[in-house]
Amino acid sequence: MNDTQASEPMLEINDLHVRFPVRRNMFGRIAVENHAVSGVDLSLMPGETLALVGESGCGKTTLGRTIVGAQKATSGSVVYGGRDLTKLKNREKGPYRRQIRMVFQDPFSSLNPRMTLRQVIGDPLVATGEASGTELEDRIAEMMRRVGLSPDYMDRYPHAFSGGQRQRVNIARALIVEPKLVVADEPVSALDVSVRAQILNLMRRLQEEYGLTYLFISHDLSVVENIADRVAVMYFGKIVEVADTADLYDKPAHPYTEALMSAAPIPNPAQRGRKGRILLPDELPDPTDPPPGCSFASRCGYAEAGRCDRDPVDLVDGVRCVRKNELDLQGIVKADV
Amino acid sequence: MAQPLLEISGLRTGFETHDGTVPAVDGVDLTVHAGKTLCVVGESGCGKSVTARSILRLVEEPGRIEAGTVTWHGDDEPFDVLSLDHDDERLQKLRGGDIGMIFQEPAASLLPLRSIGAQLIETIRNHTDLDKKAARERAIDLLQLVGIPKPHERVDAYPFQLSGGMCQRAMIAIALCADPSLLIADEPTTALDVTTQARILDLMRNLQERHHMAVMFITHDLGVVAELADEVAVMYLGRVVERAGVEELFADPKHPYTRALLESVPVLGRDRGRDLPTVPGTVPNPLHRPKGCSFHPRCRDAIAGRCDIDEPPEVVFDDGRTAECVLYDDREGAQA
Chain A
1 MNDTQASEPM
11 LEINDLHVRF
21 PVRRNMFGRI
31 AVENHAVSGV
41 DLSLMPGETL
51 ALVGESGCGK
61 TTLGRTIVGA
71 QKATSGSVVY
81 GGRDLTKLKN
91 REKGPYRRQI
101 RMVFQDPFSS
111 LNPRMTLRQV
121 IGDPLVATGE
131 ASGTELEDRI
141 AEMMRRVGLS
151 PDYMDRYPHA
161 FSGGQRQRVN
171 IARALIVEPK
181 LVVADEPVSA
191 LDVSVRAQIL
201 NLMRRLQEEY
211 GLTYLFISHD
221 LSVVENIADR
231 VAVMYFGKIV
241 EVADTADLYD
251 KPAHPYTEAL
261 MSAAPIPNPA
271 QRGRKGRILL
281 PDELPDPTDP
291 PPGCSFASRC
301 GYAEAGRCDR
311 DPVDLVDGVR
321 CVRKNELDLQ
331 GIVKADV
Chain B
338 MAQPLLEISG
348 LRTGFETHDG
358 TVPAVDGVDL
368 TVHAGKTLCV
378 VGESGCGKSV
388 TARSILRLVE
398 EPGRIEAGTV
408 TWHGDDEPFD
418 VLSLDHDDER
428 LQKLRGGDIG
438 MIFQEPAASL
448 LPLRSIGAQL
458 IETIRNHTDL
468 DKKAARERAI
478 DLLQLVGIPK
488 PHERVDAYPF
498 QLSGGMCQRA
508 MIAIALCADP
518 SLLIADEPTT
528 ALDVTTQARI
538 LDLMRNLQER
548 HHMAVMFITH
558 DLGVVAELAD
568 EVAVMYLGRV
578 VERAGVEELF
588 ADPKHPYTRA
598 LLESVPVLGR
608 DRGRDLPTVP
618 GTVPNPLHRP
628 KGCSFHPRCR
638 DAIAGRCDID
648 EPPEVVFDDG
658 RTAECVLYDD
668 REGAQA
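So the sequence lines, in the order shown, correspond to chains A and B. For what it's worth, the numbering used here labels the leading residue of the first sequence as 1, then goes sequentially. For what it's worth, the numbering used here labels the leading residue of the second sequence as 338, then goes sequentially.
Here chain A stands alone, though its shape is the one from the complex (with noise of 0.2 angstroms):
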């Protein structure tokens, strides 16, 4: 084992389900539930990004809150250092709050008005009396240096910052107990576009000076091409396709992942109508009462009926599609410009 470290995952998840109560019946039991994550496997290598995608309601963000511990499993697993981070009792969770740290969408909610930069980048440190007096102040100084901001700043509150540097104190906020893995949920996303760009490369920077991983959970699939390796493609609470991202995105094995590709704009005119644009139809599975087989089947465009909408799939060389060794499809219409 010992000499495999390199190449042993740093966390990996295990089936892992999340469901939510949506209605209780007249004795208190749960009737109808929403399973926001039904049976995810899935693991970080140390060192790389992973970028998860898929669109609004597929359970990304739920995965991502679940690996941080701010969200309960139903069940499953997430092993992290030997340890299965659902099973953790509330005293033992502290050292793995430092190791894996959350960044947020949204930098105008996430920061609280009231307190200084000083104190949002801070108060890991002092929370856990880590630091104080001169080497708190020294540590969170050289913090905001790394993350492009200037340490002049640190008194002032956060109203007074604009999105993308309310984003930068975020990340410093989430960096400055030197953690392992980051989770960053959609973190460029509530940018101007002439300022995602500097985050985004900020953020390959820092996973380099402090050897982090990254889990990205983003819907944007030019920005997912821009900073993941790998990409695990999520369709209805469960991964459907997973691969490193040069292949995924010009060999897509799963019909949804080719959809998602098809759809992605391309800003050069001059291509425009060169493709044909994979258009799906809206009917959505029912989340409190999933099918048997694939979820994708009733918009999938490959889908034949008595096959894939009743077979259940297993997620095999990473795509989870009965038809997958059958399919021949497209990627990306790449950009000439």
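One or more of the hints may lead you astray.
[Unchecked claim] Pulled a few chain A residues facing chain B out of the computed Cβ check, cut under 7 angstroms:
#	residue
1	A31
2	N34
3	E55
4	V195
5	A197
6	Q198
7	N201
8	S222
9	A264
10	P265
11	Q330
12	K334
[Claimed, not checked] Rough simulated footprint, nothing fancy, chain B against chain A, three-plus residues with beta-carbon under 8 angstroms:
#	region
13	155-165
14	238-252
Hints listed in this document are in silico derivations from the structure and should not be mistaken for laboratory results. Remember, predicted model here, so these are calculated numbers, not experimental data. Think of the CB as a built atom: it goes at the ideal place given N, C-alpha and C, for glycine as much as any other residue.
Here the structure of chain A is known, so what remains is to put chain B in place on it, guided by the hints.
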């Protein structure tokens, strides 16, 4: 060139705040041509939405249209929308009649307590002399047209019973009630998933072709612009900084802001794993607009002593495209 349908000239719309008036739209000139799609692109706070709302005088307090004209050429006799009285019937005829409008959050723009059908029928009856029954038939036809499955049933559905994409289709149906000659769409796909966005864009393209309707499409997404636009206006801090045909704009952006914007957005298949060129700094607070060219603090090509002092000239190029930038002042092929 197609006929101008709507001409905005010198539009200024400001918002009164504790700290002074924010000039959200600060002297905008735009023309929408009949049957064409004009995309107005820019980042948050550039004034693109306020421009759109000013056209139909839907700017809410503390906002105020301070100057400018909005000339509607749709009727025999062109008139200035901004100079009409509030109860002028020409204004009522424009709103939801000749000009349809759709917004970013479909679920928030539909009335939650009235069925889709009731909202459609009301608009139809406001703008036509159809009776209730005929209006309901037309409502069902419209739902069918925008691709809502089972329109006979869905006509009685309430907004909460429909998905985001379906609500946006219903919004489009309402906007199309009176066969508008212009559809103003303010970020209509931003809140939608990418597969839903693809279908809505496809629908808008089809409708436009079939009804020969002009579209003014407000967005921050350059990919959507490339998919949809005939002409593009790029806005920054309340001003149109560049105007061009869509192919010219993407092939040869003139204004340094447009250029920086196009470079900094990751493009599928091009930017795998590489550092992206960035636009330095952030969009300034419109209350503290930089002197001279408002982009100069972030501009790579800024000329000290000029860009930070003088307002940039609007340079008109031979093919009619424009850029507000000193770089092209007195250059060949341009007349300042």
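To see whether the hints hold, each was checked on the structure:
1. With a least beta-carbon distance of about 21 angstroms to chain B, the hint placing A31/A at the interface is violated under the 7 angstroms criterion.
2. Violation of the interface hint for N34/A is found here, the shortest Cβ-Cβ separation to chain B being roughly 15 angstroms, above the 7 angstroms cut-off.
3. Hint status for E55/A relative to chain B: holds, with the closest Cβ pair at about 4 angstroms, below 7 angstroms.
4. Evaluation of the V195/A hint against chain B yields a held restraint, the C-beta minimum of about 6 angstroms falling below 7 angstroms.
5. Look at A197/A: its Cβ gets to within about 4 angstroms of chain B, closer than 7 angstroms, so that hint holds up.
6. The restraint placing Q198/A at the interface with chain B holds, with a minimum CB-CB distance near 5 angstroms, inside the 7 angstroms limit.
7. With a cut of 7 angstroms, the hint placing N201/A at the interface with chain B holds, because the nearest CB-to-CB distance is about 5 angstroms.
8. About 4 angstroms separates the beta-carbon of S222/A from the nearest beta-carbon of chain B, less than 7 angstroms, and the hint is met.
9. Satisfaction of the interface hint for A264/A is found here, the shortest Cβ-Cβ separation to chain B being roughly 6 angstroms, below the 7 angstroms cut-off.
10. Given the 7 angstroms rule on beta carbons, the hint for P265/A holds: about 3 angstroms separates it from the nearest Cβ of chain B.
11. With a least beta-carbon distance of about 13 angstroms to chain B, the hint placing Q330/A at the interface is violated under the 7 angstroms criterion.
12. Annotation: interface hint on K334/A holds; nearest CB of chain B at approximately 3 angstroms, less than 7 angstroms.
13. Here the region 155-165 of chain A counts 4 residues with a CB under 8 angstroms from a CB of chain B, which clears the bar of 3, and the coverage holds.
14. Restraint check on the region 238-252 of chain A versus chain B: 3 residues with Cβ-Cβ distances below 8 angstroms, three needed, restraint holds.
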